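There are 2 protein chains.
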Amino acid sequence: MTGKPEGTQQRATAEMVARAAKVSRAAVSRAFNPEAPLKPEKRARILKIAGELSYTPDRAARALVTRRSHLVGVIVPDVCSPWESQEVDALTTALQAEGFATLLFKTRVDSSMDETLLTYMRGFNPDSVIVFTENVRPHMLSRFLDRAVPIYVTYPIERPKENDGNGRWPGEPDTLFDRIDVDQWEGMEQAVALLAGYGCRRIAYLSGKPVSLGQHARRKTLEALMARRGLPALVVVPGDFSYDRGYAGTLDLFRLEGGADAVFAANDESAFGALDALRCELKLRVPEDVKVIGFDDIAQSHWRSYNLTTVKVDLEARVRALVRLIQRRLKTPDAPAITETVRTRLVVRGTVG
Amino acid sequence: MTGKPEGTQQRATAEMVARAAKVSRAAVSRAFNPEAPLKPEKRARILKIAGELSYTPDRAARALVTRRSHLVGVIVPDVCSPWESQEVDALTTALQAEGFATLLFKTRVDSSMDETLLTYMRGFNPDSVIVFTENVRPHMLSRFLDRAVPIYVTYPIERPKENDGNGRWPGEPDTLFDRIDVDQWEGMEQAVALLAGYGCRRIAYLSGKPVSLGQHARRKTLEALMARRGLPALVVVPGDFSYDRGYAGTLDLFRLEGGADAVFAANDESAFGALDALRCELKLRVPEDVKVIGFDDIAQSHWRSYNLTTVKVDLEARVRALVRLIQRRLKTPDAPAITETVRTRLVVRGTVG
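These protein sequence lines map, in sequence, to chains A and B.
Take 0 as the starting number for the first sequence in numbering that gives the first Met the number 0 and just add one per residue.
Take 0 as the starting number for the second sequence in numbering that gives the first Met the number 0 and just add one per residue.
This list has only true hints and no planted wrong ones.
Per the computed footprint, the stretches of chain A lying under chain B, defined by three or more beta-carbons under 8 Å from a beta-carbon of chain B, are:
| id | region |
| --- | --- |
| 1 | 91 to 105 |
| 2 | 119 to 127 |
| 3 | 297 to 306 |
Over 12 Å on every C-beta distance to chain B, these chain A residues come out as not near it, computed from the model:
| id | residue |
| --- | --- |
| 4 | 157 |
| 5 | 185 |
| 6 | 192 |
| 7 | 340 |
It is worth saying that the hints were derived from the structure and are not from the lab.
Just so we're clear, the structure is a prediction, and the values are computed from it rather than from any experiment.
Beta carbons: idealized from backbone N, C-alpha and C, even for Gly.
With the hints as constraints, model all of the structure from the sequences given.
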């Protein structure tokens, strides 16, 4: 090391590699583009010399040649919510392993995604866009993307059919997007069966943000499952996925609305709020007096203070499916819409029993 | 909308804007580069026409001209840990507001960051790099970055001096980097005073990952503060910042090591593990029998089951300081190292009293 800051040291250029390898500048470019024609031995020699000189091509320059930015845009409402942070974490690891970098975009606090933000995202020319929020519709997004086909995560109310063909969005049948369907029916059916088995009849649904299509589908699925068993109508408690609204909503339910035998929460974090309200403030016992079930199975759900029975979404399978969709779409940009299904199952812990 | 997928529609090019505005292709480029000379009225006319045609320049192309990628690389060990996810969330929002996008990189499970990953990061040519992990040293990073000066978050043992000049790293005095110092002394002094005020003498430190310089400094600070008050030597319990190790370490402490009057945890998440071990398994009362203090003040710390007394790091101030450092460095790439200080303070809740 010298006294000179290393940050300002000379970087090897493509020209330096070309001179050392006695090839043209264009051949160096082609060597770094797997799709460009080049004799294998020539490519190997150039890459070897590039390695010796610590040369790596600038992706900005490469992107102009290959039309690949190696960036995957990920649009999330809240990075800091436990479920989303666990998904972004797993996804970043998986994308890195496949040579992509994760470009994170947050929708605003009010969940709006305005044109400025979309224009801005387009400037980075992502290879793919994964959308974890329901307020950015495919139609709106496709106006702002040139070639990245977005992937949506959706929650059908009924059991999704395998290979049902096109990605569709209510009112937007013609916009191309790929899709991950979360089959919440299976895990929720197990949850309702367990509650029914313990004699619960009056069941409350602690809802998520009204804008969320996922939580809306969860409510509809729950209503359909309860109707099949002849259970009385679902009691709906407004919520927004947060601990604090889960806590407050549960107080209202028991103080003003006559309570319930069981609380089914739209996500685990609001189930924690319900549990704390029941135990710490209402002095009710869980599971003896009231049963509580969550949705997601975030890492915190096994913590002893909560030890939550919950419907688990298979995060690993979901991330693998997302990466698979990105790669398929890059190989066949004009393929029809692709759908993959991710299953759910009930994880039984201490809040029902 | 037509039946044709919108994703394949024709995108406006710089040439189309140039023709419509009756200017050269180069003038269109200059119009989108705030640093390029261009008459204000000419720039305004070009930008207006570009807006009408929905033209935005490709950042890959722009980056070649301006040498700005508008990308900020963020290197984190675990996106899914609550503190880091809350910081990445706030940082992404703040960077978006300033026209940057967050490019997320994860160090590996074993906390190593190998040359492949750094080479890969260099390819994206970030304007700045923020490092939240201690295993990527400035010296190593600077070998892989051409012009982005990294920003490190550090935790001095003693109170940091304002404006002490250079960024420094043990054994690497010559590598240029900017720095955020977290002044943990202030908040930890308040914590130790509170524990002493309640008569605690035997204090245990539930440590974080051994590789973390931050948690090492936290331990040293705690030892210095306790020595000043004449308290007996600190009992150190191995940990790794996780709930599970916090839980198991606390069981060992009380079953094998004679227990303690108070547990000071290296972060909030492991403090939750300590609390659950004390209450659920050891059947001890908190705060009556044992006091517990955490570090960070993550959103979960106010949850009723934990209601944790903790040393709060001012996340908002920390994110503002990071954005300020990035902007300063972009204005004056060759400026000497800059340091900002972020304060801490004790938040008193239910686990000491």
